[in-house]
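Asks: Here is how the chains run, residue by residue.
Number of protein chains: 4
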Amino acid sequence: MKKYRVGILGATGMVGQRFIQLLENHPQFEITAVAASDRSQRKTYGEACTWRLNGEMPNAVRSLPVQPPQPPLDCDLVFSSLPGDIARETEGSFANAGVPVISNSSAFRMDEDVPLLIPEVNHQHLDLLTRQRRSNTSGGFIVTNPNCSTIMLVLALAPLHAAFGITSTVATTMQALSGAGYPGVASLDIIDNVLPHIGGEEEKIETETTKILGRFVNDAIEPAPMAVSAQCHRVNVADGHMAAVRVNFTRKPELGELRGALSSFRSLPQELGLHSAPANPIVVRDELDRPQPKLDRDAGNGMTITVGRLREDTVLDYRFVVLSHNTVRGAAGAAILNAELLIALNYL
Amino acid sequence: MKKYRVGILGATGMVGQRFIQLLENHPQFEITAVAASDRSQRKTYGEACTWRLNGEMPNAVRSLPVQPPQPPLDCDLVFSSLPGDIARETEGSFANAGVPVISNSSAFRMDEDVPLLIPEVNHQHLDLLTRQRRSNTSGGFIVTNPNCSTIMLVLALAPLHAAFGITSTVATTMQALSGAGYPGVASLDIIDNVLPHIGGEEEKIETETTKILGRFVNDAIEPAPMAVSAQCHRVNVADGHMAAVRVNFTRKPELGELRGALSSFRSLPQELGLHSAPANPIVVRDELDRPQPKLDRDAGNGMTITVGRLREDTVLDYRFVVLSHNTVRGAAGAAILNAELLIALNYL
Amino acid sequence: MKKYRVGILGATGMVGQRFIQLLENHPQFEITAVAASDRSQRKTYGEACTWRLNGEMPNAVRSLPVQPPQPPLDCDLVFSSLPGDIARETEGSFANAGVPVISNSSAFRMDEDVPLLIPEVNHQHLDLLTRQRRSNTSGGFIVTNPNCSTIMLVLALAPLHAAFGITSTVATTMQALSGAGYPGVASLDIIDNVLPHIGGEEEKIETETTKILGRFVNDAIEPAPMAVSAQCHRVNVADGHMAAVRVNFTRKPELGELRGALSSFRSLPQELGLHSAPANPIVVRDELDRPQPKLDRDAGNGMTITVGRLREDTVLDYRFVVLSHNTVRGAAGAAILNAELLIALNYL
Amino acid sequence: MKKYRVGILGATGMVGQRFIQLLENHPQFEITAVAASDRSQRKTYGEACTWRLNGEMPNAVRSLPVQPPQPPLDCDLVFSSLPGDIARETEGSFANAGVPVISNSSAFRMDEDVPLLIPEVNHQHLDLLTRQRRSNTSGGFIVTNPNCSTIMLVLALAPLHAAFGITSTVATTMQALSGAGYPGVASLDIIDNVLPHIGGEEEKIETETTKILGRFVNDAIEPAPMAVSAQCHRVNVADGHMAAVRVNFTRKPELGELRGALSSFRSLPQELGLHSAPANPIVVRDELDRPQPKLDRDAGNGMTITVGRLREDTVLDYRFVVLSHNTVRGAAGAAILNAELLIALNYL
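Protein chains in written order, with my numbering: chain A, 1 to 348; chain B, 349 to 696; chain C, 697 to 1044; chain D, 1045 to 1392.
Calculated from the structure, these hints are not laboratory results.
Glycine included, C-beta positions come from ideal geometry on N, C-alpha and C.
Just so you know, not all the hints are guaranteed correct.
[Claimed, not checked] Here are some chain A residues pointing at chain D (derived, C-beta under 10 Å):
| hint | residue |
| --- | --- |
| 1 | A180 |
| 2 | V237 |
| 3 | A238 |
[As the list claims (entries may be wrong)] Which chain C residues stay away from chain B? Per the calculated CB distances, all over 10 Å, these:
| hint | residue |
| --- | --- |
| 4 | R748 |
| 5 | M753 |
| 6 | R830 |
| 7 | S874 |
| 8 | S883 |
| 9 | I886 |
| 10 | D888 |
| 11 | G896 |
| 12 | N932 |
| 13 | A957 |
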């Protein structure tokens, strides 16, 4: 099979390292370029990058030179996890230079003509690429994945919204340290502590959710007519975001219906057998004390979200707790699954 | 001043140790008896108890013999932090033997004739003691304080309910390890982890809140007509419970009114100048990242709760984060403040 | 290939779970019996055991009944991780009933006729089994592996002792929580803390080391003539014991010789290609800040120890830091490797 | 009493904040100037500094302008906790401008004419100031305190060296996060982990120790003739450095003598009744599991070190574990005690 040649923007960061880890031995992609905005340039990746994930740095990238994040790079497409402040200009320049950009950054997520894609949820939004191509005829385009907390929330909500209609949802997150990148959160700030603030996170969850669950109508996304509330906290966990969620429905289902809609959920990536698609996007656990970050973040190689503590609520209709691996399903894995879908649907 | 002679039931546990720490040098109480249900009996307290709080074990209790938790004990009243399974029988036997029981246990909290007391909130409920005295003429009685998470939630809600009328509230807690006692949570369960379940906690918060905020009518408590939803989690913090809270009001106030109602809140314990009453029951902080357990749990010697991140919500009317020291304001300090109020109002 | 039918004593504990995890899909063993001394009996393993390791409980053991730890069990040999207080009687009864006992418990380690075995280090000590067979003609016998900290220390010392002669060694350990079993260390004891005491650990390291490095002479082990000092600490790490080590030699080598003796070390398990034997028993890392528990504990599937910070010392001759996975190489994996060696050498 | 007007160099850092916290309400000092090398300048201290210690920022410093760390500052002397890279030039310029510099930085510690002072140990070394004054006639001078780990090690060794003569010592440290300043250690690096490297620390302990314990002879310090070995580790503890120590003596004492020399140790600061001097510089604890950072770091308001696990060693003569508060006795408190001694001995 032909392998797509990919460049990684932001390759030395935490999500950049996950891209490299997850793409090792990937049947459809090979990494041919790595770029970073920091002082790493002019070194090889092996010299520039302190590897912070389990296992060793893949040998294939060790000798690649770290390049500046600007076109041209020797690749067919780029995966980007650039920091927000430089992502907009840099990703735009790649797209304008004819390079497809599969981005984990927040810069373009809410742009009207940019798909904010979760393959199991809103692959119909890829029709926005037709609109992008009208303004950018270079062959380049931008597809984004949502914020790490939004992804797990929306993956859990999607089958419920389809079946019963969600009118409002209230999510309270307990998020992992790796979500802040490296060095990220200072150890003195989080030992014996919880931080009740993550910059921009509550707004991202509240706005991204209605876009993703919206309908593609008249060449545009019509946001889903639901109210979303998010309160976000940083807890002393390395990997694995958790959210306590309540939901109100247009039609309140029975508990069994709700559980069934979650556990039986399959979608296009499963039908297409995409390489990174988990057999079950959602696992429902009935133990009293699950999900837990340490025990459940690696479900489905980090691509399955886990739902537990599903119960009737006393203010809204139902409540549950959802967990996912924030740098796999919530970041690098999300972007890779997006690229796999783009290939399967002939966008790449 | 005459000092009341007090016994501590459950004296070797985490809350028992807090009782002893907080009562050292207290102007109104001296500890004359310590009791525990475990194998500590027949030893002195100094021998039986491994002290787990900062600082040294107070000398005054070192040589007290650890006695079985049953009447008679050489004291005027008892503070109890017995485990739930034995509290009901034991506390009842003390009350029937003529001993006032100031309890932190859950056993009697929801009994119809037992005050579930927060001195700043519902001192009127002490009229229930008249009812207790009709069935128990020994002179003994039982007054309880709420669950550690309920106290901070209700303290924050009380001035808002009084001013604007709360119709529903949604609380998501992140609770400290000391709330589980000792040995409590196994370290292997909480390192790099969050536990989404604390036995009985969600039910306690949901039921206790409406009792405390209820009105005393016709010799009974009429629960407040509000819906309460709680989702509870254990996080890797030693002391300091936190809750993310949303509230709906009968009349939605302006943000400034809301803030003012919280920060200006004073009540009977402040007017009476009770020894353990903080000058401000509620501190409101405007920094983006407060409250934090490590920085705010000791506010007001652990008796002040801290509210932060006060903002309009997108589903309910408002949201905020509240924090308090779970074994001071949430347990031992709560019971001691209850006793101080009972003295001031001539119940003791 | 014929599979040996094995029973697991102490099957529900932390090391018992590791046995079951490591034996899943093992080419030479299948688990046919599980036993535990606690209240788990009369339940299936799936009912009795709360699985605390990553991944799911292997299906093959779910339906096995949990039996009392006493012979007969339906198996060819037993792996034991029973608590010290009952291990001596129980393991002895299996050995006397004709069952080979491969034990991780401390009970028999220092017995004169019991091999304290690390396959890479002292397989010659298996000759002690001849002596055991003289007093126990049932066909049963006992082979033990060392304490979790001893194993990594001795693995690092063995090639150095062989090449240069060790006269004394000083080890200061920082040990992981899983070494204390479950529930083990209370979270309130270890959050923001270090514990400078682990019961019996310093003595075990000091006595076991000289036995393992001793010579088999005249039907007995003559302890190695070296002085060993251990100071042991518990740190807030889930898995992975670390030790800071200094060593004095009969003949002080060059640094390069020392490094080479460690990194080139191979032994009988590697020659025999034992299933659990790592390609390299010892990896030497030259980065300034390695080894680290989080990054190095899983080297060689948890069977490789990592040595770093190798330098001349200012009091003894050399110093270094060594790390290994305490429940794999330090416990269950050690016992399994022992059993694999016993098969290869026809003791089983 | 006249109060000395002091400036704080590096006022916004972790040690700078400790200076400000410890000097609040100090009878001999008032803070009249704060300086920092970062972007804090032109703001008030209240604006520039995110307070990271327990309790609130003292009001007296809130409105002080943050100035650049260069003379002149409006003060009689400066306390410095500047980072190593700028300390040498900056502290030198203050000393040359006639300002006494009481420094916690490492820049001048090993200079031949600079006292490396622990008031309980080597106040005789202050005679070096005579030598400084020969080359610097401005009235300024520099006095330094040792590295945070060196202080506790030397405090424990000093009475033993005086009584029995130390020939060598081996220390293995487990150091707290606050020793690295803020932001310091990244949380992702230390959660579930230990770091076996702290830049420059081992060398500092090994060299500073012999200087402090050296004799003042012929206008210079003659290093103590002992060998010192240090291996240093960072552990997941907020405050409180711990070291496992072994010692060899010229004359090996009985255990009781050793214990007595430690627990009875008093010195000049105690005789002079210096404000920050603890009643007991060293507390010896006999419990099996002490000292512990969480329980013992605040002994003597953070100025007392705690020694435990005192036992005969199997390689050297004796071993023990020592603990102290690294930013109080190990940094800001050390410098303040130095200044108090300088006043008492009329150097200020």
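Asks: If a hint holds in the structure, say so; if it doesn't, say that too.
Replies: Going down the list of hints, with the structure as the test:
The beta carbon of A180(A) is positioned within 10 Å of a beta carbon in chain D (closest approach about 8 Å), and the interface hint is therefore held. Interface hint at V237(A): satisfied, since its Cβ lies 8 Å from the closest Cβ of chain D, which is below the 10 Å cut-off. Given the 10 Å rule on beta carbons, the hint for A238(A) holds: about 5 Å separates it from the nearest Cβ of chain D. A beta-carbon of chain B comes within 10 Å of the beta-carbon of R748(C); the shortest separation is about 7 Å.
Taking the minimum C-beta to C-beta distance to chain B, about 17 Å, the non-interface status of M753(C) holds against the 10 Å cut. With a least CB separation of 43 Å from chain B, R830(C) remains clear of the 10 Å interface cut-off, as annotated. Remark: the non-interface label on S874(C) conflicts with the geometry, its nearest Cβ contact in chain B lying 6 Å away (cut-off 10 Å). A cut-off of 10 Å between C-beta atoms contradicts the statement that S883(C) is not in contact with chain B; the least separation is 4 Å.
With a closest Cβ-Cβ approach of about 5 Å to chain B, I886(C) is found to fall inside the 10 Å limit, against its non-interface label. Not every Cβ of chain B is farther than 10 Å from the Cβ of D888(C); the closest lies at roughly 7 Å, contradicting the non-interface assignment. In this structure G896(C) is separated from chain B by more than 10 Å, as the shortest Cβ-Cβ distance comes to about 19 Å. Chain B draws N932(C) into its interface by the beta-carbon criterion, the shortest separation being 7 Å against a cut-off of 10 Å.
With a closest Cβ-Cβ approach of about 36 Å to chain B, A957(C) is found to remain outside the 10 Å limit, as its non-interface label requires.
Hints 4, 7, 8, 9, 10 and 12, counting from the list given before, are not met by this structure.
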